[in-house]
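Quick mapping for you: the protein sequence lines, in order, are chains V and W.
For the first sequence, the numbering used here assigns the number 311 to the initial residue and increments by one for each residue that follows.
For the second sequence, the numbering used here assigns the number 62 to the initial residue and increments by one for each residue that follows.
Hints may be right or wrong, so weigh each one.
Claimed, not checked - Each computed SDA-like pair below joins lysine to any residue, with the alpha-carbon atoms no more than 20 Å apart:
| hint | chain 1 | residue 1 | chain 2 | residue 2 |
| --- | --- | --- | --- | --- |
| 1 | V | K376 | W | A153 |
| 2 | V | K624 | W | Q510 |
| 3 | V | K657 | W | Y94 |
| 4 | V | K460 | V | D488 |
| 5 | V | K624 | W | T114 |
To be verified - Selected chain W positions facing chain V (Cβ under 8 Å, derived; list incomplete):
| hint | residue |
| --- | --- |
| 6 | K377 |
| 7 | I379 |
| 8 | Y386 |
| 9 | H452 |
| 10 | L454 |
| 11 | H519 |
To be verified - A short list of chain W residues far from chain V (calculated; beta carbon distances all over 12 Å):
| hint | residue |
| --- | --- |
| 12 | P87 |
| 13 | E149 |
| 14 | A260 |
Since the hints were derived computationally from the structure, they do not count as laboratory data.
All C-beta atoms in this analysis are idealised placements derived from N, C-alpha and C, irrespective of residue type, glycine included.
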Amino acid sequence: MPFIPNTDAERTGMLKTIGVESVEELFSDIPAHLRIKNLDMPDGVSEMEALAALDALAERNAQTTKMDWFLGAGAYNSYIPALVPALASRGEFLTAYTPYQPEVSQGTLQAIFEYQSMAAKLLGMPVVNASHYDGATALAEAVLMAWKAKEGRNRILLPADLHPEYAKVIATYLTSFDIELVRYDGDPKMVSLDERTAALVIAYPGFSGEAYPVEKAAARAHAAGALCIVLADPVMCAIFKSPGEQGADIVTAEGQSLGNPLNFGGPYLGMMGTTEALLRRMPGRIVGETKDKEGRRGFVLTLSTREQHIRREKAVSNICSNQGLSMLQTCIYLAALGKQGLRHVAKQSYDKAHYAAELIGRIPGFRVATKQFFREFLVQTPKPAADIARALAKKGIVPGLPVSRYFPDRPNGLLVCVTEMNSRQQIERLAAALKEASE
Amino acid sequence: MNTMNMRDEPLVYELSRPGRIGCTLPRSDVPEYALPEGLARTELDLPELDELTVVRHFTRLSQKNFSIDTEFYPLGSCTMKYNPKANEAAAAHPGWKNLHPLVEPEHAQGALELLWRLQEALQKIGGFAAASLQPAAGAHGEFSGVLMIHAALKDRGEPSRKKMLIPDSAHGTNPASCTMAGFVTQTIPSGPDGNIDIAALRAALDDTVAGIMITNPNTLGLFETNIEEICRLVHEAGGYVYGDGANMNALTGVFKPGSSGIDVMHFNLHKTFSTPHGGGGPGAGMIAANEALAPYLPGPVAVNRNKSYRLEIPAKSIGQVKAFYGNFGVLVRAYIYLLMTGGNGLRRVAENAVLNANYLKALVEGVYPVPYKRHCMHEFVAKGTIVPGVHTLDIAKRLIDYGFHPPTIYFPLIVQEALMIEPTETESKETLDQYADAMLKIAKEAAEQPELLHDAPHNAPVARLDEVMAARCPILCYRG
């Protein structure tokens, strides 16, 4: 096998050095009746055959690039510059472990530090960690973090307009704790808070795309002694006020659209930032700057006394790995796009989404239900959205997410997403096809 | 000795010059729309770099890493085996990369079939009834598994069982995962043979026990010889057995954990199934269970209905542990590795992983004491107590000068000055010989020129770093 260099002659010599007759003898600690001779599975095949089998499977999937794509809902079709995968896939990044030996991991450590620096600016927070599994788990961990920080308060206010999968993940994470989740409708600044409220969660924007300002709601949360957690779209933060500058205590985000491919849902990038005051309660790896004994700048994993490998059952979370490569992709993406580029991406998405909403809003029977949005909005359709989507798929258009996928009682909702990848022509074709499908 | 980049590399912010850009978009072809009043952002402090500067910067950073592709990396319990390049080639197919998670199932049949086939293969390797690929990492799999135990106890009407037993050699994620699932942990000591102390286990088993978490082979690299008895005792006491599959690389095709009585277990696909560690992730922590706990698996999972593949939530599922279906890109890599390795290859993986570890142990144990006189599995733990005044940390840092990544150090906690060494099956005999030579030379240096060790590494981009200062006055982002 190509991945095992030992030859039979070498194995014989090594066994002799060890002082045993056979490899089987090395397994003698395993009770004999539990040992198997082999697995009832096909034998291995060559790389050529295996790649062909994988390609055949991959070919059976729909691809964003082969259709007019308006489906987002938590996973976004964004442009990834060629340099991002080219650099992130270098073996020195790809096949390194967690940087526990900092002297030989400065590449990974400095990249994390740079990611933390750029992400902190983007989200408007003083500190950002080295990432979580995805946006949903980052938000769930933020809720737990806020609950523990506000001892004696066990109510979390969660927007009704939240990605349904995020709400499910939060429910799973809270299974064993006495925490009351209260869902609220509409503008977060109108929500009533009391001394039982540990945190107000704001989706910026919500699942429907609706983006309420955070500032007044955050101030009201603080006045009630609660924390304000914001789930943000990080691309939106390039042109909309950041959650941090509006007073958020914890910000989480799904960073997939910053340089990571769709990949059928993962690996993605859970982003989390917080304030200095809450820093030592934040889960996840964090990299800090320091000096070596000759005074040269270097980077290390730091504040580890929060983490499981030091604190075990008393750790702030059980998280160990981060989404290292996804984070690296985002780090390279942010460096390449930079100040101007990211604003271009965000503004083009915004303009194209608003142009699409304008065209769709003019079609008889269609109504744009989201008032203030970035790149995604909810459309009320005159016929079941799933039927419309099916009809448009035949024309090579994926018009968005029929929200009946999550909410069977809402057949006429279509969540439309427009990014920098969509051209004017695609948008106009979408509007024409929607009109035709409703007739 | 190594080819690392020794030059200081500025931060992206320090390389920034106003007006530069590293990627441009097509010109917009739609009208401009005004941003909502009062919500427009005025300042975005990101760096400004041209494309070549970005390329050189990250290329140079990469050259400041040790990696499997460049160095031997024998980190114990991390299974730093070679990651086949075919894994990357397979995962780069646009049919995966450009596949949206919310397309209708009929537009994702290839992806769903892959998920189903991978579930089937992994449950067969482990000897389990069902599997879920949702968990994004080993710790995430542990959290899912102990939540499944929590749910099953609740269904049995015994939610008061809150005590989870954890051997003292366990990874820190085990007790931390228990806390996140509302359990209280009790540590079970290891006996003189390095296995779980059965008498101590018996004493801990009462009617508050929810279960036990077992890593087998344990982090000493030793097989839990009494695994069947442990499972039987815990089951008789009304508890469940969780298997931590971190060390499964020793056992593929040799032993099925499910056959020994383990109820639910995670596998680290980024260890045993050769997906790259990526400098810290993403991993994948697939979880499998026997018939009794299978209904509680996190979902959705892939199902096969007459070759039509769908996603379903198991009957009594603990729910979703992340959005969508797991770290799918990682799963593609694990799947092609399984195809290339096959049933016969998986047996050879375990055989050679164990052979390499025992061979390396034989080469160094005369100098570095190995506390348990048994055959090891895929890794072994030695002690850095070779010369007074020299510590394991010094030995580890000196190995860097010889061009080797240090082993895992100071873990497991129950071995003083631990050096935990896992060579994996993908390393050649000559690499193991060279590494052993370096270990033995370092032992000599420790006696004759200990300052060589104390001041190590001499040959890395930075010398030893002040970790205390980093934690005391945290600088966590660029302050320009």
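### Query
Hint by hint, which ones does the structure fall short of?
2, 5, 6, 9, 10, 11, 12 and 13
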